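Each chain, letter by letter, is given below.
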Amino acid sequence: MTKIKSFNELKSVQERLKAGRDPKKPCITICVGTGCLAYGTQKLVDSFREELAKRNLAEKVDFRTTGCHGFCERGPMVVIHPEKVFYQRVGLTDAGEIIDKTILKGEIIDRLLYVDPATGEKVIHEDDVPFYKKQTRLVFGLNSKVDPKSLEDYLAIGGYSALGKALTGMKPEAIIQEVIKANLRGRGGGGFPAGWKWDETRKAHGEPKYVICNADEGDPGAYMDRSLLEGNPHLVLEGMIIGAFAIGSSQGYIYVRNEYPLAVENITLAMNQAREAGLLGENILGTGFSFDVKINRGGGAFVCGESSALFASLEGRAGEPRAKYIHATHKGLYDKPTDLNNVETWANVPFIIEKGADWYASMGTAGSKGTKIFSLVGKINNTGLVEVPMGTTLRKIVFEIGGGIPDGRKFKAIQTGGPSGGCIPEQYLDLPVDFDELTKIGSMMGSGGMIVMDDRNCMVNVAKYFTNFLVNESCGKCVPCREGIRRMRDILVDITEGRGQEGDIELLESIAKGIQDGALCALGNSAPNPVMSTIRYFRDEYIAHIKEKRCPAGVCKELITYSVDAEKCTGCTVCSKVCPTGAASGERKKAHKIDTAKCTKCGACRESCKFDAIIVR
Amino acid sequence: MVNLTIDNRKIEAEAGRTVLEVARENGIVIPTLCAHESLEPTGSCRLCVVEAKQGKRTRIVTSCLYPVAEGLIVDTKSERVMNVRRLVLQLLMARCPESEQLKAMAEEMGVKPEPRFTPDKDNVKCILCRMCVRTCEKIVGVSAIGFSYRGTEKNVCTPFKEESATCIGCGACAYVCPTGHIEMETTETGDARTIWGRTFKMQTCKVCGRYFAPVDQLAYISKKTGASADDLAVCVSCR
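Going down the list, the sequences are from chains A and B. To convert a position in the first sequence, counted from 1, into this note's numbering, add 4. To convert a position in the second sequence, counted from 1, into this note's numbering, add 36.
Calculated directly from the structure, the hints in this document are not laboratory data. Computed from a prediction, not measured in an experiment: that's the story for all the values here.
To give a feel for the contact side, a few chain B residues facing chain A, derived at Cβ under 10 Å: (1) L69; (2) S80; (3) L83; (4) V85; (5) T98; (6) Y102; (7) N119; (8) L123; (9) L128; (10) A130; (11) R131; (12) F153; (13) G187.
Once the Cα atoms are required to be at most 20 Å apart in a straight line, the calculated PhoX-like pairs of lysine-lysine come out as: (14) K207/A x K185/A; (15) K29/A x K105/A; (16) K414/A x K400/A; (17) K148/B x K517/A; (18) K89/B x K517/A; (19) K113/B x K148/B; (20) K593/A x K614/A; (21) K328/A x K92/B; (22) K149/A x K29/A; (23) K328/A x K89/B; (24) K298/A x K340/A; (25) K517/A x K113/B; (26) K46/B x K89/B; (27) K597/A x K614/A; (28) K581/A x K605/A.
Distance ranges between label pairs, derived from CB positions: (29) E263/A x G226/B: 46 to 56 Å; (30) E219/B x E280/A: 54 to 64 Å; (31) S74/B x K153/A: 54 to 64 Å; (32) I299/A x T202/B: 28 to 38 Å; (33) P151/B x A365/A: 50 to 60 Å.
Just so you know, even glycine gets a beta-carbon here, dropped at the ideal spot from N, CA and C.
Use the sequences and the hints to build the structure in full.
Right under this line is the structure:
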């Protein structure tokens with residue numbers, strides 16, 4: 005693309021691109037986010053291209069690969085515009101049939117439609133799918149409208165208008181005031197008001213000033229930032245350029261995990277395209293403002309998402325945090341004023357500039373504005389990424405959007421905020437989710453991970469899992485975190501293996517208090533949260549493990565035995581077929597038995613039994 | 037100058053100094069394991085934590101890094117503070133059960149080992165106070181040692197645990213090590229010393245004839261200061 009030299013020229017390029025697109029022309033869009041690619045979607049993409057070419061339809065039908073749509077449970081996903089016919093779990097060889105029937109004849113292919121489990125009815129159009137219908141897809145919704153590898157696509161939907169508006173019509177201070185008024189809070193976990201951070205960095209003495217995009221997402225089960233960078237890199241970039249202009253920075257960095265190769269590829273391409281088009285680099289849009297961005301790939305250390313460790317890593321040193329008695333806004337990267345915001349925070353900025361703070365602040369709760377993207381995983385029917393206004397209840401997220409718990413099992417808890425978050429029990433399902441409410445009940449927003457658990461999850465085991473994650477991710481600089489978390493983990497291992505002792509709960513609480521107060525950085529300070537929140541809400545389970553040497557959820561192997569409920573067993577023989585050690589056996593149509601000497605407690609029989617006849621005690 | 041209160045004592049201090057420095061100058065004892073007067077603070081042992089009240093906000097901070105400020109109220113022995121110190125000592129005693137220094141410190145503070153923490157058996161005396169690494173980098177200026185791995189696996193070593201070509205055998209790391217973890221061995225005659233797996237040839241004093249410093253160290257000093265090798269070949273006693 006040739007250099008765009010002014011805001012007016014940008015507008016005319018956008019108009020020209022928009023006009024070049026016939027809204028009535030059929031367009032097949034297909035999600036090629038990492039989740040769908042894992043299903044093998046690339047084969048389907050190739051097949052679509054081939055089949056379109058075979059039928060000489062390449063000119064008559066648009067075909068667009070897009071970033072993640074969020075409904076990862078149902079991939080591969082194909083949406084046919086302009087009607088927005090929604091096909092899910094599309095077979096890798098279905099391309100020809102979709103073209104012949106739906107594109108050429110307007111027929112709907114019944115078997116590819118989504119069935120609403122609540123009503124049993126088939127849903128034809130994407131907008132009618134309950135998973136999408138109940139969301140507010142402000143930031144994430146654009147993913148399905150653009151090919152992340154195409155700047156033209158982003159410009160055609162009005163992309164970079166907010167940048168044009170900010171650079172030509174707003175003073176830096178006015179932009180900051182707008183972001184403060186919108187009360188945009190950091191989406192990475194801290195929830196600190198972004199506008200205040202910008203303001204502090206702008207006013208701080210020292211040059212140069214840096215802006216950084218934190219894309220070091222590392223919570224188990226969370227992939228919001230990844231999907232934004234992969235699916236709509238220009239949106240993130242646009243937010244960063246606006247921020248840099250407001251702060252007075254000419255150099256930015258994107259710190260992204262090297263484990264996110266597609267994100268690195270797409271953002272690198274986006275940066276090159278933006279530079280070529282005069283949207284990044286020297287003299288942006290002919291306004292005299294210059295700003296460029298470098299990509300820095302992280303080595304996969306969780307702690308490097310913490311600001312001071314991230315700076316250390318960017319500077320080429322080991323990713324260890326340092327005490328932050330002087331804020332990064334004054335002394336950050338290379339001891340210079342630095343503004344660090346998360347991917348999703350940056351992606352919100354263009355909307356605030358384009359539509360105004362009042363519009364933005366009309367969404368959400370008193371203290372948390374706008375929307376939040378959550379990654380909904382675990383024991384949930386609709387695994388995927390969901391975006392809802394701040395203040396949406398957990399119940400709505402889990403049951404209406406998430407479709408509830410699979411196999412009709414019972415909701416037990418939801419873990420929010422990543423490994424340093426907490427487990428929230430059923431009694432708080434009607435809690436409006438925002439930064440402050442989650443903190444009040446001992447969890448946190450974090451970057452937006454949500455892991456749903458049912459009655460077959462042992463909460464002590466869950467606490468052990470997250471604590472162990474943190475043992476492995478502690479940088480090892482300070483004593484309470486390095487030595488304390490592992491001692492907590494050791495005690496949890498003892499409890500789950502039947503060696504728990506009287507007083508262990510109190511000891512865990514006491515160590516937790518010391519780590520919360522004594523650790524050097526936020527990773528350490530919040531590391532006891534999984535243990536503390538499970539003790540707070542599921543103390544009974546701890547007691548059962550310690551005193552009765554019993555795991556109520558039937559998870560901790562050393563404390564359980566498998567047997568068959570002779571009354572429920574129909575002798576279908578499924579358990580004996582799936583049992584890897586031959587422990588489950590019996591004659592057809594007669595109650596089966598499990599030989600405890602051979603049983604490895606893998607749980608395969610329980611998972612496969614349709615009659616709930618496997619007893620775990 | 038700023039006015040602050042430490043343990044109910046009104047103290048005037050120079051702005052920019054740390055709470056630890058000011059407390060010690062005023063005879064207030066705060067225990068530390070990773071602080072050293074010649075090194076910049078790192079804040080890793082967490083033993084020096086204090087409770088600091090600034091305005092309405094009270095929090096636990098590391099006194100070795102926290103700057104004094106007007107109106108700051110510091111409590112060096114609050115319950116929260118003592119809880120952190122007790123935990124840190126118990127954790128370190130479980131990591132290094134053989135360390136005499138830790139035992140002495142614990143006794144002084146009335147801290148007993150936590151019986152639920154199984155003592156480590158790998159005989160490590162290193163508490164990862166980082167003094168050796170900081171000394172090698174900032175004082176000696178060679179950065180021959182550093183950290184490898186992270187978390188509980190973290191340890192001090194030369195890169196890839198191989199013989200370091202940059203090490204000058206000065207032994208400053210062993211000298212500064214508070215727990216005696218870093219071993220330096222000298223031959224009976226004194227003609228060689230071994231540290232970090234590498235053996236260094238020692239220089240004899242051209243006056244008294246005794247071995248007094250590694251040849252590599254003298255060469256390094258000569259290069260750094262411009263002093264001739266001949267001038268440096270005299271031991272401290274004969275100089």
